[in-house]
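Those sequence lines, one after another, are chains Y and E.
Read in order, the letters of the first sequence correspond to residues 11 to 276 in this note's numbering.
Read in order, the letters of the second sequence correspond to residues 13 to 365 in this note's numbering.
Hint data in this document are derived by calculation from the structure and do not stem from the laboratory.
Since the model is a prediction, treat every value here as computed from it, not as a measurement.
Heads up, the beta-carbon is just placed ideally off N, CA and C, and yes, glycines get one too.
It is possible that part of the hints are untrue.
To be verified - Partner residues are not named here, just some residues of chain E that face chain Y (Cβ under 8 Å, in silico):
#  : residue
1  : PRO45
2  : ASN49
3  : ALA54
4  : ASP55
5  : ASP76
6  : PHE78
7  : ALA79
8  : ALA90
9  : GLY91
10 : LEU94
11 : LYS232
12 : ALA237
13 : TYR254
14 : GLU256
Claimed, not checked - Residues from chain Y that face chain E, not an exhaustive set, calculated with beta carbons under 8 Å:
#  : residue
15 : ARG16
16 : LEU229
17 : ALA233
In case you want the letters, here they are:
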Amino acid sequence: MPKTWRNHALLAYALAILAFLYLPLMILALYSFNESRINAVWSGFTVNWYASLFNNRRVLEALTNSLAVACISTVISTVLGTTGAMALNRYKYRFKAAINGLLYLPILIPEIVMGLSLLVLFSQTAIPLGKVSLILAHITFCVSFVVITVNSRLEGMEAELEAAAADLYATPLQTFRYVTLPLAMPGIIAGALIAFTLSIDDFVISFFVAGPNSTTLPLYIYAMVKRGISPEINALSTLMMLTTVLLIILAHLLQGSPKKASPADE
Amino acid sequence: MKKLFILLSALLVLAVAGCGGGDSKQSSSGGEPQVLNLYSWADNFDPAVIEKFEKTYNCRVNYDVFANNEELLAKIQAGGALYDVIQPSDYMVTTMRKLDLLEELDKKALPNTQNLVADLRSPSFDPESKHSVVYAWGITGIIYNKKYVKEVPTDWSALWKPEYRGRVILLNDNREVIGMALKKHGRSNNSTDPAAVKEAVDDLKQLAPHVLAFDTDTIKQKFIAEEAWIGTIWSGDASFVYKENKDVAFLVPKEGTTIWADTLAIPKGAKHKELAHKFINFLYDPKISAQNYEYIGYSDPNEKAVPYHSKEYNDDPILKVGAAAIASGEWLTDIGPALPMYDRYWTELKTGK
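Just need the whole structure built from these sequences, with the hints factored in.
Have a look at this one:
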């Protein structure tokens with residue numbers, strides 16, 4: 011008897027935690043169907059906000075800006091971060107510990123300091139604020155995360171495999187392409203995903219370095235507060251949540267059949 | 013793995029195509045459409061009006077947004093020549109004029125600004141409208157719900173009545189709230205006299221414990237949902253609330269009040285000055301102005317636009333109250349060294365000392 015009681019309590023606890031995590035999101039989604047232009051009272055069901063969302067050029071532009079900045083900075087920071095991690099991991103040189111430590115710094119310093127210092131840098135070097143400055147800033151804070159994720163993957167890899175490849179007359183390039191890269195790939199993908207998420211979420215740094223034609227979605231939503239956030243934003247958030255869920259399911263499906271997939275890939 | 017690679021590279025191609033496409037649109041086509049970089053509050057124009065401007069002048073409007081004046085100031089100081097038209101509020105115009113950040117407007121290129129209501133053509137922050145033109149304006153007044161507030165309030169002291177305890181909202185703004193109390197005592201909302209400010213704040217300290225919230229961002233929701241019964245509000249927001257809840261009413265107390273405005277201005281060194289003037293002039297065309305204000309819901313400062321507005325807009329009781337009270341409004345000005353005193357009192361009020 012006490013055991014089932016404990017099970018019930020645990021279940022209730024788990025449900026409470028889940029509700030705590032998901033209730034706000036569900037309310038957000040629910041209000042995207044609210045007729046009223048403001049989220050004060052429920053005044054009726056409508057799907058008009060979804061229709062008007064696709065006609066709202068400003069929201070769509072902000073979304074495009076966010077996606078473009080996130081994609082470009084993810085790719086560049088993943089390439090830079092992966093090569094950086096390889097260098098840090100494979101070679102011995104002076105002040106290695108210090109350089110390693112410096113890589114953690116962008117993660118540790120408050121975003122607001124980083125945003126401000128980037129803004130000062132851009133205005134000192136006369137780099138105009140806009141998409142370019144925004145992408146540069148996003149790469150700056152994403153690189154460290156990629157280096158760290160890839161590095162931890164490389165730490166766990168054994169050097170013997172690469173030595174074996176060399177023994178079998180693989181050139182360094184071939185070793186990298188067919189041995190090192192595939193082994194490091196989970197780390198690289200994890201790093202890229204973190205970079206993408208950070209970039210698309212970022213508010214504080216973007217707030218400082220955005221310029222003409224580079225208002226991202228978080229900046230746009232923040233600025234809407236003055237006039238009241240319209241349910242179009244709820245509709246957009248709901249769609250983005252659905253996309254995320256679909257992507258997660260997709261990722262699981264891809265990961266779920268590695269044994270079947272990898273021989274076919276070769 | 014290969015699949016993920018393909019996915020990632022597809023995303024990249026999309027992204028690059030996305031930006032590249034945007035750029036080539038601006039530069040390649042023969043007509044060479046100009047770009048107007050607009051930096052403003054979110055949702056501050058009817059999108060159709062901007063589209064009309066783009067078509068009429070064969071240009072593209074980049075509309076970027078900020079959430080407060082300080083953000084605007086920082087961006088303009090960091091390298092201001094990037095924007096062509098900006099929208100500082102009243103006191104920020106003063107600051108920007110002092111810092112020499114604004115281009116002098118060419119009045120000959122702006123004939124339509126003569127359509128402005130006379131009271132708004134010479135605001136104290138820019139008496140000759142040299143650097144700015146009033147765009148959206150509003151006035152602070154009392155909003156109340158007739159279901160709960162039976163006696164029509166006539167002066168600011170209504171907020172202090174014991175029967176509304178716990179149902180009062182004050183704006184979450186230092187100068188607005190202390191300015192309101194100063195007005196209640198018959199003084200200027202820009203008073204720097206320590207005794208006068210102290211008197212006003214002491215009075216507010218009687219009210220502060222009974223306030224439901226100091227709120228500017230979600231004040232509309234609170235009145236629509238009838239959580240709040242009475243409070244201070246800007247006329248534009250009051251009109252918004254009225255459209256959703258017909259039980260509310262709005263009035264400007266007899267002691268006078270604070271008036272505010274967002275303006276249109278051109279930052280120093282703007283690259284597309286000519287187009288910027290065209291844009292400003294375009295917005296004061298009576299027909300365009302009518303269309304624009306129907307959308308944004310504030311009082312149209314354009315006298316000539318009245319016949320083009322819908323009956324519903326012209327009859328909006330709240331906008332009428334606001335428009336009739338322009339003369340009783342006083343602009344907030346830069347109070348300079350007295351600001352720390354206001355800040356200290358504000359902290360005391362909000363922390364209940």
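Checklist line | Non-conforming hints, listed in increasing numerical order | finding: 1, 13, 15
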